[in-house]
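J.: What follows is the residue order along each chain.
2 protein chains.
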Amino acid sequence: MFGVILAGGSGSRLWPLSRELYPKQLLNLYAEKSLLQSTFERLNKFIPAENIISVANTKHQANVKMQLGKLSENSIILSEPISKNTAPAIALSVKYLIENNKSDETVLVVPSDLLIEDNEKFIQTIKEAQPLVDKGYIVTFGIKPNYPETGFGYICADNNIVKSFTEKPDKQTAEEYIKKSNYFWNSGIFMFKASVMMKEFDKYCPEISAIINKINCSDKNIPFTEFEKMPSISIDYAVMEKSDNIAMVELKSNWKDLGSWKSIYEVSPKDKNNNVFVGHVIDKDSKNSFVYASSKLVATIGLEDTVVIETEDAILACKKDHTEDVKQIYETLKEQHDDTQKVHKTVYRPWGFYTVIAEGKGFQTKIIHVNPGQQLSVQSHNHRSEHWVMLSGMAKVVLEGEDHILSPGHSIDIPVKAIHSLQNPFEEDLEIIEVQKGDILSEDDIIRYEDIYGRV
Amino acid sequence: MFGVILAGGSGSRLWPLSRELYPKQLLNLYAEKSLLQSTFERLNKFIPAENIISVANTKHQANVKMQLGKLSENSIILSEPISKNTAPAIALSVKYLIENNKSDETVLVVPSDLLIEDNEKFIQTIKEAQPLVDKGYIVTFGIKPNYPETGFGYICADNNIVKSFTEKPDKQTAEEYIKKSNYFWNSGIFMFKASVMMKEFDKYCPEISAIINKINCSDKNIPFTEFEKMPSISIDYAVMEKSDNIAMVELKSNWKDLGSWKSIYEVSPKDKNNNVFVGHVIDKDSKNSFVYASSKLVATIGLEDTVVIETEDAILACKKDHTEDVKQIYETLKEQHDDTQKVHKTVYRPWGFYTVIAEGKGFQTKIIHVNPGQQLSVQSHNHRSEHWVMLSGMAKVVLEGEDHILSPGHSIDIPVKAIHSLQNPFEEDLEIIEVQKGDILSEDDIIRYEDIYGRV
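Going down the list, the sequences are from chains E and Z.
FYI, in my numbering the residues of the first sequence are 1 to 456.
FYI, in my numbering the residues of the second sequence are 1 to 456.
Calculated from the structure, these hints are not laboratory results.
Please read these numbers as outputs of a predicted model, since none were measured by experiment.
Incorrect hints may appear among the rest.
Stated by the list, open to error - Here are some, though not all, of the chain Z residues that point toward chain E, as calculated from beta-carbon distances under 8 Å:
no., residue
1, E99
2, I215
3, C217
4, K296
5, V298
6, D325
7, V356
8, I357
9, G360
10, Q364
11, I367
12, I368
13, N371
14, V389
15, G393
Claimed, not checked - Covered stretches of chain Z, going by a simulated chain E footprint (3 or more residues, C-beta under 8 Å):
no., segment
16, 253-262
17, 281-293
18, 326-337
19, 406-414
Idealized CB from N, CA, C, for every residue including glycine.
Okay, chain E solo, but in the shape it has when bound (with noise of 0.2 Å):
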């Protein structure tokens, strides 16, 4: 069996503390584990490392490497240079399958922003489906419902068999469906063999599959210019509603999907006022509030059903039923070019991270972390001097050619136009402050190196 992971989420709902370059499958909710990692974990328990494939956007595989690499270095990351919903990312796992000779195999396919409490339970419910995938049928697996929630779609199912699909209904008619006993919630999970699920594509999402079967998808660099003129469609829209082939197992294992503040605040543990309050918060009087502080001192009298999320760069404060209107503030700065929902001040590097502390006029510091036997590539740039001070760990730093090993304390000025590279060849982490000064403070002023040195 193979495990397929969608992890290409873009996170706009748990803004601020998500953000377009580091979505919510990427985060530490609760636990020590990010979602990703909790759901790479959960199906690990049954499916060997080397068979789980996560499909990730481009521009989060640095960061989806670097979570998986911790609990193996041996899964499989399929990068979609821009994301186009389940379809088109199912499409893309399916298609490296049959590229690579697994065409009968099962795939158990999973978002990545689940919570699945008891494993055990979701095991045996894997088991009950594989007789329906031998048989052919694409299986979902719906979820008995114990509230009308509009929020999610619902399957209408008879004795494993699926009658039919509803998008998100209205109240009243999500009402009707929870007193009746063949309505149950779309979970999102799917499970069919590779070559079951590549002919349903070809006959109802011509679309997806001339273009899928176009591209090799075994490659590393997936051509954007073809990946782009997929559409941008639900597994559920592109196939499950129009195939006469699919199965449903009921899930009995508790289930939640983790896509809003307000879901996040019911999984988790609250105290006696029913408030939940993550870091340096200090209340007075508040009921039914989710406060989470990241990095400064919240403090918080008398608020109810309030949520607020402190970031570095970015608070929220919203009411707990408005959670869902995240999405249209994150939009509202997409729209305005405002970053606040593109980064945060940490940025992710397959050698380290680095956080903005300050910028102004003419200069910008970073704090910059350089992990043991990590190195930035060799560099020069045309419009900014920069200056290390070294504040632990060791450095190397080649500058214009010269080699200096520096220890806490020392620093070092790096010119306009000189050629230099911050190396940490020690076992410790390497933390350096770093101030720019110059007219122009851009990313893109940067020279790389690689071909004159042979380094990275």
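With chain E's structure known, arrange chain Z on it following the hints.
T.: Chain Z in isolation, oriented as in the chain E frame:
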């Protein structure tokens, strides 16, 4: 006539914008001027600057001096070594006037945190009070109440003669008061002859008068040990409620006590949904709310009657009717020795200001701003090295007796124990980034060399 501005407030109720070391009278809440500066200018319309005395705590002296210095170099600042409520502050200024042979002068005492909209009416009221002062009365100013406020004291007066004072009443009592025509809010503004007030202190509050008569109040450094012994009581309690020598004049100008976030909200211009938004705020569907973003983006959705105050290191989110409880948060922080109640990350000094932009194990980073013509003391540190990168303006750095003139993009390292001084003898503002590095990073690790070099 002399004016006395009581500028000793601690600023607990406007936290986190006000701090123990930067109380509300120093804040620019609306205008370009702080409450203290606005109060000074209001008095300066009819009292010459050299007759205006500001009484402030020693720990605020540098800021009070800087703010008032921008308006006039001639006004008088008296420093209380410890804040002791209004009675000791008024006794201090009265004694100062007596020492300077001004016993017979009229004194007008005003708090520094009032908003008086119509200064012409205020001046007119002062003129009406003068004959009563000349007759030997202590005149208090009353405001005709227009709603049953329970947060103010009330004065009962007939034909300018005060019958009684009432501390903050309960709701029912306040409602009875506003039905009567002879009850007024106590404005906290007083007018009297210096000699008259001193006699009342002698008679009704000998604990204060005994101590104040031992102190030389014209001395720049009033002894802490003496001042500390004074009781911490209000002028109302010490004198006004006891004396039979009190008159009242009605103040007809618009008057607001800016004591809480709710009162600041009330005096601020509002949008069509009755919101007040200051700074970078993006809102959707909020009502009757006050959002103040000082350094970051604050996004709000669906809030009602809520106050959100964002500062560099602390955020307050509070129901508008609970803003009086902010004081309790402030006290909690004080008990926990959390400096968030005490200082901002920006600290003002006579030579300019600095902002701590990042702190971590073994390092601290500041942006230091030196005003033209100013310099920091000649100093050295036993436990830290300092690394300076010039951002804007020009600097003169004296390092181990040697002068260095540095322009933007230059940097210099100050080793542990090296004697150094940062100076800006030029006409432009100077801004630098300082990285401090060392195992002990304390403001106390400083040796000053003013004696050797003859500089401050």
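J.: In ascending order, which of the hints set out earlier in this document are inconsistent with the structure?
T.: Violated: hints 1, 2, 3, 7, 10, 12, 13, 15, 16.
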